[in-house]
Structure formats: structure tokens, C-alpha cells
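*Asks:* Using the sequences provided together with the hints, build the complete structure.
2 protein chains.
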Amino acid sequence: MTDPWTVETRELAHDRETVMRHGNIYQIANGHMGYRGTLDEYGPDELVAVTLAGVFDQVGEAWREPVNAPNGGYTRIRVDGTPVSALSRPVTSHRQTLSLKNASFERETAFDLGGTAITISSRRFLSAVRPNLGVVRYSVTVSRAATIDIETGIDGDIWDLNGPHILGLVCEKRGETLLVRGRTNEAGKDVVVAEAAAFGFGEERSVRDGKRNLRVVAFAAEPGKTYTFFKVFAVATGFDAIEGSAADAAVAAVTAAKAQGLLVLEAEHDAAWADKWAKSDVVIDGDEVSQHALRYSIFQLLIAAPVDGSANSIPARALSGQVYKGAVFWDTEMFMFPFFLHTSPEKAAELLRYRIRTLPGARRKALTEGAGFRGAFYAWESQETGDDACTYFNIGDPLTKRELRTHFRDKQVHISGDVAMAMWEYFKVTGDDSVLLDGGAEVILECARFYYSYAYFKKDKNRYEVLDVIGPDEYHERVNNNAFTNMVAKATFEIACAAVAYLAERHAGALAALVKKIGIAKELPLFAEASRLLYVPEPDPETRLIEQFDGYFNLKDVPVEAVKAQRIHPDEYLGAGQGLAVPTQVIKQADVVMMLNLFKDRFGRDVKKANWDYYEPRTEHGSSLSACAYAMVAAECGDLDFAYKYFLKTAKLDLEAQYKVYVGTVFMGGSHPAANGGAWMTAVFGFGGVATGPEHVAINPRLYPGWKSLAFRLAYKGDGFAVHITHDAVTIAAEAANRQAHCFVVWGRPVSVAPGKTVLVDRIVKVA
Amino acid sequence: MTDPWTVETRELAHDRETVMRHGNIYQIANGHMGYRGTLDEYGPDELVAVTLAGVFDQVGEAWREPVNAPNGGYTRIRVDGTPVSALSRPVTSHRQTLSLKNASFERETAFDLGGTAITISSRRFLSAVRPNLGVVRYSVTVSRAATIDIETGIDGDIWDLNGPHILGLVCEKRGETLLVRGRTNEAGKDVVVAEAAAFGFGEERSVRDGKRNLRVVAFAAEPGKTYTFFKVFAVATGFDAIEGSAADAAVAAVTAAKAQGLLVLEAEHDAAWADKWAKSDVVIDGDEVSQHALRYSIFQLLIAAPVDGSANSIPARALSGQVYKGAVFWDTEMFMFPFFLHTSPEKAAELLRYRIRTLPGARRKALTEGAGFRGAFYAWESQETGDDACTYFNIGDPLTKRELRTHFRDKQVHISGDVAMAMWEYFKVTGDDSVLLDGGAEVILECARFYYSYAYFKKDKNRYEVLDVIGPDEYHERVNNNAFTNMVAKATFEIACAAVAYLAERHAGALAALVKKIGIAKELPLFAEASRLLYVPEPDPETRLIEQFDGYFNLKDVPVEAVKAQRIHPDEYLGAGQGLAVPTQVIKQADVVMMLNLFKDRFGRDVKKANWDYYEPRTEHGSSLSACAYAMVAAECGDLDFAYKYFLKTAKLDLEAQYKVYVGTVFMGGSHPAANGGAWMTAVFGFGGVATGPEHVAINPRLYPGWKSLAFRLAYKGDGFAVHITHDAVTIAAEAANRQAHCFVVWGRPVSVAPGKTVLVDRIVKVA
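Protein chains in written order, with UniProt numbering: chain P, 1 to 768; chain B, 1 to 768.
The hints are simulated quantities; they were obtained by calculation from the structure and are not laboratory data.
Wrong hints could be hidden among the right ones.
Identical copies carry no separate label here, and so any pair may be met within one copy or between two of them.
EDC-like cross-link-like pairs, simulated, lysine to aspartate or glutamate; straight-line CA separation at most 20 angstroms [claimed, not checked]: (1) K517 - E442; (2) K101 - D285; (3) K645 - E369; (4) K458 - E369; (5) K401 - D571; (6) K556 - E61; (7) K516 - E442; (8) K600 - D639; (9) K461 - E369; (10) K717 - D557; (11) K517 - E369; (12) K556 - E425; (13) K556 - D613; (14) K459 - E529; (15) K609 - D80; (16) K258 - E151.
*Replies:* The structure is reproduced here in C-alpha cells:
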């Protein structure tokens, strides 16, 4: 029986690919930084990385990417002078464990050194309370008396994809604290790691080994006795909002932590994690595999969630490394945001604040793309400034070894609407207008302004159209009137009007100031007109099909496999102008079906079913964003077997880590928080049938037959509920601290749930 | 000294490429059919082709192309039983001559057969009076007594690029007439060649040799005596507008011709050619090379000109074979039409009638391209129905061996405006409104309707824009607001309004009927609005540069050679989505400069000069249409050396035939009537400085310093003029038959030239 709270293996990987996959699976993070699931004695060759959230650097013309810090968790040992390590010594047993409960990584490895049994065990976590702090507890035991040297400290030899990002590395010691520091290449800002260790034994001396700044503790070990120490490391940078130097901050952090001791650090960390799980856990009764995979998915979202007040967001590969430039994509708003919005709205707000913070970058992008637009055109690949990290030539062609011109950056305009919709969704579901007032409304209006500037009017058809875009299906570039994009643009105009109406009623002064600040008064009536006259492809009256974009149905209708079979090289990209899928109806990922899911209120089940049936067989699912959209619509249409299959596919993606690691020479390995969010959505929205609106929460369960029950917590309008769904009934328990009663509509029947009360709704109305 | 009326070589080509080039250079044609410059005894391996104008056929999925007829001009001999042929026998001398004066091909070849000297000479022409008739005179002389077999008749073994097009070939004899007939693959229509020969000697018997239907005339030849016969062949098809069967028509044609005899056939043909040259010749005094090349260019246009009443046009490779699908491109209206308009307006009208005839095809194309448009979207590659022969995958990629998606067909929308402008230009220059009334106005209105349907309105800029097009520079596909295209669209709206205004005044009934027929009443005010509000990129106030399309100036500015140097394969196409020129400012051919030349009245010399200077170094001149546009604008800007260089480049293109013959495996060899037309335009419009408007003819000579004088005939408003230009004076002689006096503005000074009068205008006004 699988422990639903841990991930464990006894496999000690040596090949680079498994080391990489384990590094992803066993990673820990605390929103401020990520630490890959590598062993204490590992170095850059084993893809150790302490990746910093929101800190970026570029070297030459290479991709700009997050900065990896020197590794303050480094430890290795010698026994009787011989290095004993998972890298070199005969290992007799190995076990490594990720605890989902408190985001800690443990390993225990036994060696045989000429008859001496040696056991190393360690545990580490990144404090959920102190964002820049890492904590390591390390133990060693020998079966026969031996001299042990523990070498621990900071490894400044950093694995970079496109580095080196930290120049002029210096090793220092301040009192008992080790320091490694340097400056970033681009901004010339400090990056400092400090380390402090608490040993109750042995004799300590300092060693500099290349870029490693180490302390060596030598002692004579008695047989069978376990020697344990703990250490802490802190990362501080010139990018942090700190007073004084980064070095001082790092030293202060480790000094305080060491003084408070391991038990305190563990206790506060564990308490924070208990709170996270209390808010976020989903319990599936009767299906261990689903339970484990879903919990792992939720875990991935929790470790990547930005630190409060950081105005950071979550990159598409989270904090698992420098992959994908550490960039934030639409993945966040469309696939991760709903989880946070419905479990930890304060984290959802943080994600939105990132978009508010990067509004100036989105404005710059609008002005400079194409013929120049107005408003906010958000970056397709967004880093800390909001300028676009996506290049115009973003995919390598294995056939010609050239970079292919792709239009992800300049034509995937739905990104701005994705952001605007998330802004509004937050307000609708939480009732909290503070984000709107603190820049969110400005973002919404600037996104509407962008679409107005981008759209064209077709006089003879009396409608606005959105031309020359890429929808979610990236295999078809530069298409006209993509149903998804047009709907998102239309929604943006509607939201802009709704936001203005709301502010006019409740915050007239703030609205007036905003309208004046961005000089948008004359455009507001145009937004209203555009919200009415913007064309969105309609379902065909007979077939109920929605054409993905103008002319899609004229494309060659060939099976996905037939397209793939034509590839000359297995890594050949199927899109980008001349790709094999371009002249066909084969699509990369959910597009119309994504739209139907996103705007589920606006379309009937007949339309969903018809389009699902049409598009699913034509979908390559070449993106991790695809499966969950199909799964949710399948659940809604009653195809629970399919929904389950795609739910599992999504939920297990990072746990099994069987994804592609290299595309050509580009390292692509890393976790998929969008898929993790998709797994949560499929469980709660798909099988749970939850839909939160401004007036009430609808629950129309479509529980998978193999599940006995599904239970989760729901945050709504500032209050909290425990929802428990079985095949026969839905139970909603309002938390005692709730401030008011809320309406739930279960199986179409409205019920009011007052603070502290529990309401049970039977599936079948029992006639008394 | 070169005979300015002939092209001659003593080179007997054996390699396939020279045979091909000679076949082009020495071709003859009469508008109804072309006959490549091959020898009497040649067959399909030597690329013999009798290509029929306006008759097309398709086999399977291969390119649809013109039908080549069986070769009725075939003759070979045996001397004492041994075949004597340029293909096999030791040739002691050879000479072949193309006479430009009367479009006849002559050859004289001497052989040595074991000490016997044998001389073959022949001459052939395609009758300028009887479109379906070919005439051959053939002689043989031997130095010693010998038995000669002359085998002459019809060779049914046809060279096809994508054939066979004629199925079920049958050889027959009707009386003395030989027949080869079959049916086309696609339409199943008859293609028949009949041949009759007049021998005054020998004994005749029939021979069928494979697909050859021959008569063998055997005789004992006396030493030194020349034996001459003549033969005629006629091609008739089920596509011809004839009564009765094609076979009957062909037999009747050769029977009549043979009866009338060679002298009559020659005399009527020569008279017709004398008339052509009287109307069309341009005389350059002081530059034999230019004179010869220009006359050859004019010759090419004359042989390709459609037969009166055929409503045919001129394919981009004329009648030199099946190359380029025998399709009509914008080449005709933009590069050939002006020559005919100003020399033989009845041919210009024929070219226009082709577009009127194919209007239904243009309507079909509009409806089916993209999201579907209204009006007339003319075919990029037009055959007899006006449906588009251009494929969506029109260029082979040597790197992947795949066909590249190109947007020539669906995005090169300027073609419709090119047609509409030619319609209007004909009316302006000839004063003849019959073409307008016979469908021309309908074409113009349907082209305007197409642009209205294609264009979008940008409300916030209060302008129409033309999006997603390819301009003349085909290396940049799917661009917005291409200056050339937008200007052409704007002109089309203007012309539509002007045509309606003219018809309203002069032919109100016809206008009313037309407006009703095509239901366009409500759209006419929109055309007027669009003619005012259609955006055309303006010259920059400071640099005077016009941006070729939105964002062009943001592209990488690299030398043409640097782009070419990156090619992996020499035949790699530089455009089409991922081509090497796409992200750069390197352009295939004149685009902005083409526009400045086409709309020369609307731009000052400063704009022309600035844009010429900017764009010329960035132009690859990868199209035969490029050089003349740059030459004309250079002449206007006073850079006569450059103009001369590019004039010669254009004028010598087909005469020297040093163009690319194969692109990948696609045969591209053939003549370039657009370049021929460009040579004429450069001479008359460029150096001659002629510009014909509705009110007067302007002449602002920019005579090349190396030329003493330039003389040409000009057709204007139904009358004719001989114009003679020296460095000091312009002499205009009105033909006696002219109906009225016309105004010429020479060096800015208006003069009236009455019928039969000659006016001399000095460059420098002499004060008396």
C-alpha cells in the first residue's frame, strides 16, 4: 500500500537522465527558491540547483534565465580518508523519500568500505516561514571504529543552462559562518549564500576546494553510534527588498536560525505546512493511485506558490530549475490560478499582483510589436520586468539546425485576456475588490485597450474581428478569428465594462483617478461597442461544431499518427509555418474545447459534446495543458471513463516524470505546475462539478464510479467550506469562522449554508 | 556587324541544356501556337514542342499545363539508306537563323557521308494569317549521285512535362493528307494534326514508325542538284470555335494551303509581319547591341500576342513550352500590356477580353479563398477558366524534398487591381469604351468589390487597411499594408468610381443594367469612401522613405550576399515562411519602386530617388520583373548609366538565355515576355520619357548618352504617330489617317499635332 503522503524510491540513479528526473520528482521549494531532489554530495554534473524565484540574468545572447545560487546544502564525507559517496562507493542500499506533508527530502544510503558498513542519512527542507532559509540535518553511522571527515559548507560550482550568471565568486568566513558570494552578470547585483552548522562533536577546520567553501569536521567514530549535526543556509541577493547588504542579511539569517535550533525551525515549518494542507487537500476515497497523484500535484503547486508580498508568479516549470527561462506563461492564470483562488485566495492575489507589477512591460511590448499597439500586451514568456523573454525564433529545427521563426511572442494575443479574466475572476469569487483597486482595474482596462487596438472592424459585416493570431493550438500560426482568442477578447471587453460599472458604483473617486491617469475616457464606449460587436465563431446550426478559426474545416483531415509518420526527424516541430501539421486539422492541444471549458456557462452540453467528439481525435496532446481541458469537458458530458483516463494522465505527469527531457539540444526537463493545476481542476471542477459564480456555488457532481467519495475544502467570498461528495449525497460544512451564509446550488437545488453549519443534500429527493 | 533583324548561330548544340536554350531563343509562334527552335529531325528528347495557346490538360495530380500537339513539321532523310541527321552524322557545318522580320526559322546543315557532301536546308514559319497553319520548305543537295529517302510527316511522340495529355493516338491517311489524332486526358477533346506535302519528284509511300505518321519519298539524286519540297501542317482541336470535326478542319486547312502554294502563304505572312513591325518597331541609332536586343524583345511579344477574337492572353513563359503551367500572371497586365496598348491596341483589348472571359473563375476564387470574399479575386496563375492553377505548395524545398507552403495564390491580392487598372488604362489611352461596355466595367466593379470585402476598417485610425498580403516582393509573405498593394487597391476604388461616373454620363442604360445585374448599387458609396480612407504608407517627412509594409524597417538590415551565403543548398528558396530572407530587409524584386513607377504622377522625384537609393541595394533581383522597374525609375531620376545597365539586362534576357533552367527538378526554361515588355517600357517610357494620359501625351526624353536617337511609333486615342527623339529635339509625325489633332507636352511645352503633320520641338527654346 502506497503511503499517500510520500514519494519514495530505492533506486540510486547514475545515468544523467534518471538523475535529472529524480531531481524533478524529489524537488522541494518554498516559493522563494527551489532545491532539486539531489543528494548532499552531488554537484553540477548531477544537476544540483538552488533556483531563485524572480531573479534573472542573461549572459551574452543566450536565453535569459533564473539565477541558481551556490548550494549551501552541500556535504560529503571521508571514512579513514576515503571519500564515501553515492557517486563513487559501492552502495549497499539506498532510499530517498519526499514527504508531501511538510516538503522535506530525506535520503538514507548505506555503503560497504572494506567490510565497514557506513550509513548516511539526511533530511532537508526549505523553510516555509523563512523564505531564504534552508535547513539540513545530517547523520552518519559506521559499523566499525573509523576516522570520519565531514566536509560541509557551500558549493559555488553552479549548474547553469546558459551561465555563468554569478561572476567573481568569493569564499569567505565570518566568524563561524561560511559565505560564498558573487555578482550577477547582467545587473551586477550581489548573490550571497551563508551557511552555519551546529556540531556537537569533532574538530573543525576550514577548507577551500575550488569553488567550495567548506568546513571539515574530523572525529573518531565509535561503532554503531550515530553522529548527527544540523546546518542552515541562507540565500540573499541584491534583488531582495532588504536593508543593508545581502551578505549581512544572509549572515543574520543563518545566525538567528542556528541559535534558535533545529526543533524550532522544524516546528514552525511543519505548522505552516499543516495549514497549507488544511486549506488545499483533496481526499479521494477508494482510489489510492488517484489520491497519491493528485496530492503530489497539489504539493507541486504549494511549493511553487509565491511568497506573500513578493508579487512573484509561478513559472511554467515552477522552481525546478532554469528550464523555459523561468518564465511565466498563460499556464499560471489558466491552469494554476483556479486552484489558489479556491483554496488560498491570498496566493491567487499574489499571482495577480505579479501581473500588476509587470504592466509597464506589457505596455512596452504593445508599443513595439508589429505596427505598434496601445494598451497592455502581456509577455508570452514573462520574467521580472514583464518584457517578453520569448524570442521570435524560439524552436530549433533538427533538419536544418536553424532556429524556426515562431509567432508565439507576437501573435499569441490571448495572454492579455487570460490575465484580465483572472483579475475579474478573483473579484467574482472572493468578493475582494482590493486587487482591482490596487492596479487590477488598470490592467483590465489596458488589456481591453490592447484588444481594441489589435482588432479590426469589418464594415460590411458590422463586426469586429481579431486577425492574425495563434490560439492555444500552436501548430496553426497567424490564423483569423480563433474562437478561443475572440471569446477571450470579447470577455475582456465585457469585464472592462463590468469593472468600470462596479467602480463607478462603489469607488467613483478611484475610477475617476484611474480614467484620468491612463486617459481612457473616450475609449470606454468603444469597449462597450466591441463587447457587443466582436465576432465569435458560432456553433453550426446543424453540426453544433465551432470552427477553430477561419478556414480550419478546409484543412486536410488526416489522422494525428499519419502526420507524425511523415516526420524525417523524431524531434521535428509540427508547427511554425512549414510544419507537417500546419496544412492539416491536427492540433497540438485543446483549443475550441479549452474555450468551451473556460466559458462553460455560455454553451450547452450538445455543443460541448459535438466539439469534443470532433476535436479530440484530431488533438496530438503535444502540450501538458491539453489533457485536463478534455477531461473536464468529458466529465461534463458524462464520459467519466475518458475523464478519468485524462485526469490520471495529467495528475501523474510530474510524479512519473516520463516527459521529454531534451528537445534537440535544449534541456526541457522540469515540472509542470499547469498540469498539476489541471489535475486539481479536473478533480474538483470536473468530477466534483464545482462552479463558483458571483451569486452562488454550483455543485453538480459527476463522481468517477471507481471513487467512493471526494472531499475538499473550498474558499469562497472570504469564507471556507468542507465539501464531501459521495455518489448519493453532497455534504457542505461551513467553517465556524465564516462571516455569512452562502448559497450553494447542488444538483440544481439551492441551499443556504450558514457559518458553522453542515448541510447534506441527497442526490435523490426523498419524498417524506 | 550584327544584322539587327536576325539571330544566328553556327553552334550545333548537343547537350540538353543548350538544345533547350536554343529551343527558346529560336522559337517561332503566331499567338495560336508556338514552335520551339528545334531542327526538322528532332524529337521529344530535343524538347520539340508545338504548344497550343489556351488549351490545357491535367494528368492525375500533376500540374495542369498547356497541351503540346504532335509535330507536323517533322522531316528526316536517309542517303543511300543511312540516316543523315544532326543527331548522328558528322556535321561539317551548321547555321541556324531566326528572322525577326517575318518570324521564320531557317537552318542549313552540311554533312559528310563517306566523301559525299550532303546539305540540308529548311525554313519554317507559323502563318501570321492562318493561326492553325505551319509551313515548311525543305531542300537537300548531294555532291555525288545517291539515293535519298525523305521521310516527312507528323511525329506523335510528344515531349510533355506532366503528360501524356493526348491519349489514344491514331495515325491515319485521308487521300494524300496524313493525320495524327487523339483525345485530351481531362476533357476528352480531339487534338488533330494534318499534314500535306508538295513534292515535284520521287516516289511516295506511307510509313508508320511508332507514333510517327510519315510519307517516304525516295529518289535518285543527281550531284549538285537541289531538291526542294514544301509542306504544311494544321492543328485543330475540339477546343477551337469550329463547326464540324477537328479532323475535317485540319484536313481542309492543309488542303487549301497546299493548293494555294508556298508563294501565297509566304506573301500573306510576310505582309502581316511587315504591318506588325510598322506598328511596333523601335529604332535606336548608335547602339547595335541595344537595337538588336530590343528588337528581339519586341519580336517575342509579337509572336506571343493572342489571335484576334481569341480572348486569350499571354502566359508568363509565352508559347515557349509548357513551363509555368502555361499560366497567365500579373506579368501580362503590368509588363506586356503597355507595349500593346501603345502599339497595337487591338491586342491590348484582346488581353483584357481574356480577363473578362475568366471573370467567373475570379468570382469562384474569391468565394473559396480564406473565409470567403465577394467580387473578383483573379487567379495568380490563370489558365483558360480563370480558376487558379497556383498550388498552395508551389515551391520544392531541396533541403527536405518537401513542397513548401507558399501564399502566392491566396495572398497576392494585387492581381485583381492590376487587371482593373489595365482595363481603365486601355480606356484612358485609346478613348475606346467598348471594352468597358463589353464586360470591362463589370470586371472593375467586381475587383473593387473584392478589395472592399478583403479590406478592414480600423476605427481608431479612421482608415481602411489591407492586411495579410504578399506584394511584388514574394520573399515577405502575409504582410500588412504593403504600399504597392494598398495603392493598387486604392486605385481600383478610384477607377470603379470613375468608371461609374463615366458610364452614368455616357451610357446610363448600360450602367443601370450592370448595377442591377451584379446587385452592387449599395456598395458604390462604400467604394467612394474606401478610395478616400484607404491607408497607403506615406513617405517619411524626413527621409522620404516609404515603408514596404508594416514593420519592414524593423527587419534585419543585412546585405543580399550575406543572406545568400547562409544557404545550405544553392537552390534553397529564400522566402516562404522560414526562408533566409524572411527576417531581413532583402527583397526579391522591385516593390516600393515598382509602385513609384506605376504611380509615377503621384510622387515627386525626391521620393523616387530616396526609395530607389534605399531599396535597390536590398533587392536580389530574383525575378525577371525587377530590373526594368529600377531602370525606369533610375532614368527618371537621371541615373542613365544604371538605367542603361538594367535596360540591357532586361532586353538581353531571352536573347542570351542565361537564365536558370531547372529549379530542383522543375523545368523552368522558357522565354520571359514580361522582361521583353519591360525592355520596351524602359526604352519608350524610361529613355523616351513618354507618359500617356487622358488629356495628352507627355514626352520628357532622358536619352541615353550613347544613343544618337530613339524612334518609335505610338498609338494614341485611335490615331498613330511616329516619334523621333534626339538629344536636341523631338519630332512627332502624325499619320495622315489620324482623325484629329492631339496634344503632346514635350519638355513641358504643349504642342498640337494635326493629322498628317510633323512637329519638331527643340530641347532649348531658341529665341528668334
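*Asks:* Are the hints correct? Go through all of them and say.
*Replies:* Do the hints match the structure? See the list:
In this homomeric assembly, K517 and E442 come within 20 angstroms of each other (Cα to Cα) only inside a single copy, at 9 angstroms, whereas the closest approach across copies is 53 angstroms. Within a single copy, K101 and D285 get their C-alpha atoms as close as 18 angstroms, which meets the 20 angstroms cut-off; across copies the closest is 97 angstroms, which misses it. Proximity of K645 and E369 under a CA criterion of 20 angstroms is satisfied in neither setting, with 41 angstroms inside one chain copy and 40 angstroms between copies. Proximity of K458 and E369 under a CA criterion of 20 angstroms is satisfied inter-copy only: 17 angstroms between copies versus 23 angstroms inside one chain copy.
Proximity of K401 and D571 under a CA criterion of 20 angstroms is satisfied in both settings, with 12 angstroms inside one chain copy and 18 angstroms between copies. In this homomeric assembly, K556 and E61 come within 20 angstroms of each other (Cα to Cα) only across copies, at 16 angstroms, whereas the closest approach inside a single copy is 39 angstroms. Taking the shortest alpha-carbon separations for K516 and E442, only the intra-copy value of 11 angstroms comes in at or below 20 angstroms, while the best inter-copy value is 52 angstroms. With identical chains, the CA atoms of K600 and D639 are at most 20 angstroms apart within one copy only, with a shortest distance of 16 angstroms there and 67 angstroms across copies.
Taking the shortest Cα distances, K461 and E369 sit within 20 angstroms of each other only across copies (17 angstroms), while inside one copy they are farther apart (28 angstroms). When the C-alpha separation of K717 and D557 is checked against a cutoff of 20 angstroms, the pair qualifies neither within a copy, at 46 angstroms, nor between copies, at 55 angstroms. For the homomeric pair K517 and E369, neither the shortest alpha-carbon distance inside one copy (24 angstroms) nor that between copies (45 angstroms) is at most 20 angstroms. In this assembly of identical chains, the alpha carbons of K556 and E425 never lie at most 20 angstroms apart, being 38 angstroms within a copy and 42 angstroms across copies at closest.
In this assembly of identical chains, the alpha carbons of K556 and D613 lie at most 20 angstroms apart only when taken from the same copy (18 angstroms versus 45 angstroms across copies). For the identical chains of this complex, K459 and E529 are neighbours both inside a copy (14 angstroms) and across copies (12 angstroms), given an alpha-carbon limit of 20 angstroms. Within a single copy, K609 and D80 get their C-alpha atoms no closer than 69 angstroms, and across copies no closer than 85 angstroms, so neither meets the 20 angstroms cut-off. Taking the shortest Cα distances, K258 and E151 sit within 20 angstroms of each other inside one copy (18 angstroms), while across copies they are farther apart (111 angstroms).
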